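Novice: In case you want the letters, here they are:
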Amino acid sequence: MTFRAKKVAVLAVATSFAFGNTAVAEPDLDAVLVINDELEMVTMVDPPAHLEGALDKVISGWHFRDAATRKLETDDFENPAFIHVEQGLTAWETVEGSEGESCASCHGSIEESMKGLRAVLPKVTADGELWSMENYINDCRENRMGAEPWGWNTGPMRDMTAAIALQSRGMPVNVAIDGPAQPYWEQGKELYYKRHGLLDLSCASCHEENNGNYIRADHLSQGQINGFPVYRLKQSNMISLHNRFFGCVRDTRAESYERGGPEFRALELYVASRGNGLSVEAPSVRN
Amino acid sequence: MRTLFALCVAATTAFPAILNAETAPTAVSFTEYGEVLESLTGVPGNPEEGYKAAVSRGTGNCVACHTAEGWSKEQFPGDVGPDLTGVATRHEAAQLRGILVNAKHTFPETVMPAFYNVSDLYRLGDGYTGKAAKSLDVTVMTAQQIEDILALLLTFTEE
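For the record, the sequence lines run as chains A and B. If you use the numbering used here, the first sequence corresponds to residues 1 to 287, in order. If you use the numbering used here, the second sequence corresponds to residues 1 to 159, in order.
Watch out, some of these pointers could steer you wrong.
Straight-line alpha carbon distances no greater than 16 Å define the calculated EDC-like cross-link-like pairs of lysine to aspartate or glutamate that follow [what the hints assert, rightly or not]: (1) A:K57 with A:E258; (2) A:K194 with A:E208; (3) A:K57 with A:D30; (4) A:K194 with B:E109; (5) A:K123 with A:E209; (6) A:K57 with A:D75; (7) B:K131 with A:E258; (8) B:K131 with A:D251; (9) B:K73 with B:E48; (10) B:K131 with A:E208; (11) A:K71 with A:D46; (12) B:K134 with A:E208; (13) A:K194 with A:E263; (14) A:K189 with A:E263; (15) A:K234 with A:E258; (16) A:K115 with A:E78; (17) B:K104 with B:E48; (18) A:K194 with B:E35.
Derived by calculation from the structure, the hints in this document are not laboratory data. As the structure is a computational prediction, the values presented were derived from the model and not from experiment.
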């Protein structure tokens, strides 16, 4: 992969679209997401059975963004997330910590060893814990590399999750919700439907009942997570999933949950399962 | 747990409202149709103040969810709720007051927040910080702001 050459162009694009919040169109459901003219993504699917009719169609957040934002995601040279992917790929090869190891020295090529992982996370470990990608990354750093763990919402962590997620791009999201995952899934579902805060809103109030509507200038999507981590033009940066969750709960005027904590990991599993069948789109672009 | 809290509040007169002869949030009474018949303050509402409260994020933020000819100069109003143009021709004042205080008495399960209510809320935060609330006896708006927005809505008489 050769993203390096186009770095300057990418930066220019990012700034010129930073104020792109002027769309008035309904989600454009006829649009087709093809990446680099070759990889066609599944951005709309029939809902999984466990949704029990809660949504007619499962729709990627990509459809809800304006045409200029959508276009940025169709070409890796234009997609500003790729600066961060590149940093993640560099970190993959970098030796760090007391053991003299890099990710690559154990796992080899990221393209082969990490393919498919994004599509099935979070998942339950042999010890019965529900782990997100960040947990796996920090487990390697601490216990195999002898390196400091990265904070959940820090730049290096977001870059690495973007680089790893990219290896599953185009594959269908397919998280397990039965067996040992089931209690976590139930916990996440309860959280999803529980109204929070002084404004007394749940995730479902906005993303299930009102997707397609505008809340002030924001076009509400279904809050699907197949595009995470995303590059957000408004912040000119990568946004981790749990930071997005944090902000949405905060905006109900509630006490939010810890990024990386058990509540958000359970919520991540549940919300991922609502999008089973959508293509992994990470790293996507949002406004 | 919630009942206990409500009782505490009443007993300790934590609401300055009570001292000012304003109706405390826990003391508002609704008719079976969700109307609130009495003014919350006894002071007539001021539509200009109501406008400010309706369009700012920290208070009513009605524009987040409603369009209305009455605030057509505001940018990007949302459309989660119905257009409020002419709403005073559809609802009496008491009904509108009830919708503002706690719309769930009129529209069960609605996503419209209750603006003068402290009951049945979960995991209250400290404003928009994401941190835990410092006080649980907070309402989105004051009693007078409710009366002010009501006065504004009563000017929405377009046919």
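Novice: Now, for every hint given, state plainly whether the structure supports it.
Specialist: Tested hints:
With a C-alpha separation of about 31 Å, the suggested pair K57 (chain A) and E258 (chain A) falls outside the 16 Å cut-off, and the hint is violated. Restraint check for K194 (chain A) and E208 (chain A): the C-alpha separation of about 13 Å stays at or below 16 Å, so the hint holds. Straight-line distance between C-alpha atoms of K57 (chain A) and D30 (chain A) comes to about 13 Å, which keeps the hinted pair within the 16 Å bound. Our distance criterion of 16 Å between C-alpha atoms is met by K194 (chain A) and E109 (chain B), whose separation comes to about 12 Å.
Distance restraint check for K123 (chain A) and E209 (chain A): the Cα-Cα separation of roughly 28 Å exceeds the 16 Å cut-off, and the hinted pair is therefore not satisfied. At most 16 Å may separate the alpha-carbon atoms for a hinted pair to count; K57 (chain A) and D75 (chain A) exceed this at roughly 26 Å. Distance restraint check for K131 (chain B) and E258 (chain A): the Cα-Cα separation of roughly 10 Å lies within the 16 Å cut-off, and the hinted pair is therefore satisfied. Under the criterion of a C-alpha separation no larger than 16 Å, the hint pairing K131 (chain B) with D251 (chain A) is consistent with the structure, at around 11 Å.
Of the pairs offered as hints, the one joining K73 (chain B) and E48 (chain B) holds, with about 14 Å between alpha carbons and a cut-off of 16 Å not exceeded. Between K131 (chain B) and E208 (chain A) the CA atoms are separated by roughly 26 Å; this puts the pair beyond 16 Å, and the hint is violated. Only pairs whose Cα atoms come within 16 Å are accepted, and K71 (chain A) paired with D46 (chain A) is rejected, the gap being roughly 24 Å. Distance restraint check for K134 (chain B) and E208 (chain A): the Cα-Cα separation of roughly 31 Å exceeds the 16 Å cut-off, and the hinted pair is therefore not satisfied.
Between K194 (chain A) and E263 (chain A), the direct Cα distance comes to roughly 12 Å. Compliance with the 16 Å bound is thereby established for this hinted pair. A threshold of 16 Å between alpha carbons decides the hint, and for K189 (chain A) with E263 (chain A) the separation of about 11 Å falls inside it, so the pair holds. At roughly 23 Å between alpha-carbon atoms, K234 (chain A) and E258 (chain A) are farther apart than 16 Å, so this suggested pair is violated. About 23 Å separates the Cα atoms of K115 (chain A) and E78 (chain A), which puts this hinted pair outside 16 Å; it is violated.
For the hint linking K104 (chain B) to E48 (chain B), the alpha-carbon distance of about 26 Å lies beyond 16 Å, and the restraint is violated. With a C-alpha separation of about 27 Å, the suggested pairing of K194 (chain A) with E35 (chain B) is violated against the 16 Å cut-off.
When held up to the earlier numbered hints, the structure conflicts with 1, 5, 6, 10, 11, 12, 15, 16, 17 and 18 and fits the remainder.
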